[in-house]
Amino acid sequence: MPPVTIYSKSYCPYCHSAKDLLRRKGVEFQEVDVTTDRAGQAEMASRAQGRTTVPQIFIGERHVGGCDDLYALDRAGKLDPLLAA
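Per numbering that gives the first Met the number 0, the very first residue in the sequence shown carries number 0; after that it's consecutive.
Keep in mind the hints are simulated off the structure, nothing from the lab.
Possibly wrong hints are sitting among the right ones.
[Said to hold, decoys possible] Across the chosen pairs, the derived CB separations fall in these ranges:
id, residue 1, residue 2, range
1, Ala41, Gly76, 29 to 39 Å
2, Ala38, Gly76, 28 to 38 Å
3, Thr35, Ala83, 13 to 23 Å
Here a beta-carbon is modelled for each residue, glycine too, at the ideal position from N, C-alpha and C.
Kindly produce the complete structure, drawing on both the sequences and the hints.
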């Protein structure tokens, strides 16, 4: 399984929802809390092609997007193959 990284903020309901989906799938992930971390926010924006909203989710080096994107991949049956690669 490729490493999964999620950039999040502590008060973000979309971040919590995305992490819940990953946990339900048994995925271990690295969380980068950018609530007060300007360097982390800059790193996230750089990796996410300028996107500054949270969450921003990466599977390996692939940028998946945010919470809605993660759920859309799951509904389309494309999330599990990404996680299994």
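Outcome of the hint check:
1. Ala41 - Gly76: 29 to 39 Å: At roughly 34 Å between Cβ atoms, Gly76 and Ala41 fall inside 29 to 39 Å, so the hint holds.
2. Ala38 - Gly76: 28 to 38 Å: Given about 36 Å between the Cβ atoms, the range holds.
3. Thr35 - Ala83: 13 to 23 Å: violated, 35 Å
Hint compliance for this structure: hint 3 is the single one not met.
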